[in-house]
Amino acid sequence: MDDKLTIAGRVFGSRLIVGTGKFSSGEAMRDALAASGTEIVTVALRRVDLDATGGPDILEFVDRDRYLLLPNTSGAIDAAEAVRLARLARAMGLPDWVKLEVTPDPRYLLPDPIETLKAAEILVADGFTVLPYCSADPILCKRLEEAGCATVMPLGSWIGSNQGLRTRDAIKIIVEQAAIPVVVDAGLGAPSHAAAALEMGVDAVLVNTAIAVARDPAEMARAFRDAIEAGRRALSAGLAAVRTDAEASSPLTGFLDQIEP
Amino acid sequence: MTFLDVLERTPVRELAAFAMRATDLDVSRALAKGSRDLEDFAALIGPVAGDRLEELARASHALTLQRFGRTVHMYAPMYLSNECLTTCTYCGFAKDLPIARKTLSTEQSLCEGEFLRGHGYRHVLLLTGEHQKLTGIDFLCDHVRALRALFPQISLEVQVWGTDEYRQLAAAGCDGVVIYQETYNRDAYARFHVAGRKRDYDFRLGGPERAATAGIRRLGIGALLGLHEPWREDAVALAAHALHLLKAAWRQELSVSVPRIRPSASGYSPEQPVTDRELAQLICALRLVLPDAGIVMSSREAPGFRDRLVPLGVTHTSAGSHTDPGGYTEPGEAEGQFEVNDTRAPEEVAAALRALGYEPVWKDWDSAMRPKEAEETASA
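So the protein lines, in turn, are chains A and B.
Under our numbering, the first residue of the first sequence carries the number 1, and numbering increases by one thereafter.
Under our numbering, the first residue of the second sequence carries the number 1001, and numbering increases by one thereafter.
If you are wondering where the hints come from, they were derived from the structure by calculation, not from laboratory data.
One should not assume that every hint holds.
[As the list claims (entries may be wrong)] Quick look at which bits of chain A chain B covers, simulated, 3 or more residues with Cβ under 8 Å: (1) 15–23; (2) 76–89; (3) 204–213.
Just so it is clear, CB atoms sit at the ideal spot from N, CA and C, and this is done for glycine as well.
Could you build the full structure based on these sequences and the hints that come with them?
Listed below in structure tokens is the structure:
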């Protein structure tokens, strides 16, 4: 079985997408990206030198021959802003893939479902490959799929919170129903969280904070890479069913075997 | 409900008194909590918590790291004018002080802007004294429009305005508004602000909420430590203000600041200055009660001290600052607002931050996120 991640017809060897915020330096970020084995790297357009002024630019540390650059609209509070940012990035020669983020609340950075769907419709019509960050809402995910998004990216828990898969039950439904890849986008704080997501059938995960603020970001990136491979392998191998109690024998019907014929 | 109503119901004095007698158990309880309230904050700024500063700092550092990572946002102040019709008895711009005055033209502010941009800055904070004629709303809108081609992020720290004026500023391209109440104590406020429009305490207090209503994206609030004593009362009121804005202005990014008063032409100096240790403790306590708020520290603090406060919770900093209008490209022509303590160049501060394991972030916003009107007028 060909077990590669395919998004919008493009095949990827890694199921880990890495974010570029919060690193202590461009060098630390570059090393972590390399160690993670990732092939998709997302960058906040707000931090990119879009006017090409030669000013400080986070893109200096992202090897674009090696990674697919996935620009994101972090900071946008409504559909109009997100669309404007994405178009500006494309005009600057960045890829027409966009990680759509519409987060009107700067504290929990929760995605606005209504504006996200609106922006997705506009951007898809505009020829973008759209990967929307969204609430773990199965119906919203279906609506985003119908709008023509390339993936859905429901949150595992609040962004940056490292709480893991708090939305597990909803993600289960989203995976069950999705005809496009499901990428868990936020809140994964430990490699074990990522492994659990892959074991559930999630197609890929996006990790940023847990890697960026680790004592050794490159080593943590490797740990995530390994966990994601393990989780995926476990899924393909077929996980044994979970039980709540041990089953020794057949307490109710065992007697039938004792009866002499 | 506005913050004016909230503040009237907040027992600021009692909470500051509680801070002084908070026990070890109170501090432990506040530290153990996941989400903290004003009473926890009070416990964390008291003397007993001060004895456990390292413990506070660890918790504060962990929260800062989780929310902001190993990054520090860099901004540059640019004074457009030191003309002022207000008398604040602690300020170097006060109306009756015989100082050299200057107001920049848009050409001059563009020169200053080019200079700052050359040093890497993409976020500029524009400041003026309070002069209704010379630095009124049209003046401010003109400068914002002129500078927005150079800076994706423009904030203002000027006199307070009504909602309509804030709308005009937002449409011109202003992203952030900074309004320090200076002191939240009404009596002290009246004592220090003896003449001019700034005397209107209530109007100033409501400024951040009006700016939010007008669609300004970032709000900065602060208290000037060294005016009202005991300082813990102002600290409590500031925290209450921040907690209120998190609810009332939920779309806005919030930052807080606790500048200590510096020597200036006014000659004012506080009777009991806030110590370095107390300030560090206050930064930690602010972080612990406001995990997501930016904490701003300007170059009014000393180099070594300032750098070491970053891991404790500071997220926004300036460097190489001048507090006189035109001070970057035509220094010495006008009086500054106060003496800068950290005179290192932006590059030096950036290097010091990197040495501490932090990435200075110069660009963290894009003009594409400005209101449509601003962009349309820009291309017209």
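Hints versus structure:
1. With 3 residues having a beta carbon nearer than 8 Å to a beta carbon of chain B, the region 15–23 of chain A meets the requirement of three or more and the stated coverage holds.
2. A count of 7 residues in the region 76–89 of chain A with a Cβ less than 8 Å from any Cβ of chain B is obtained; the coverage claim is therefore met, three being the minimum.
3. Requiring three or more residues with a Cβ within less than 8 Å of a Cβ of chain B, the coverage given for the region 204–213 of chain A holds, as 3 such residues are present.
Against the hints set out earlier in the document, no violation occurs for any number.
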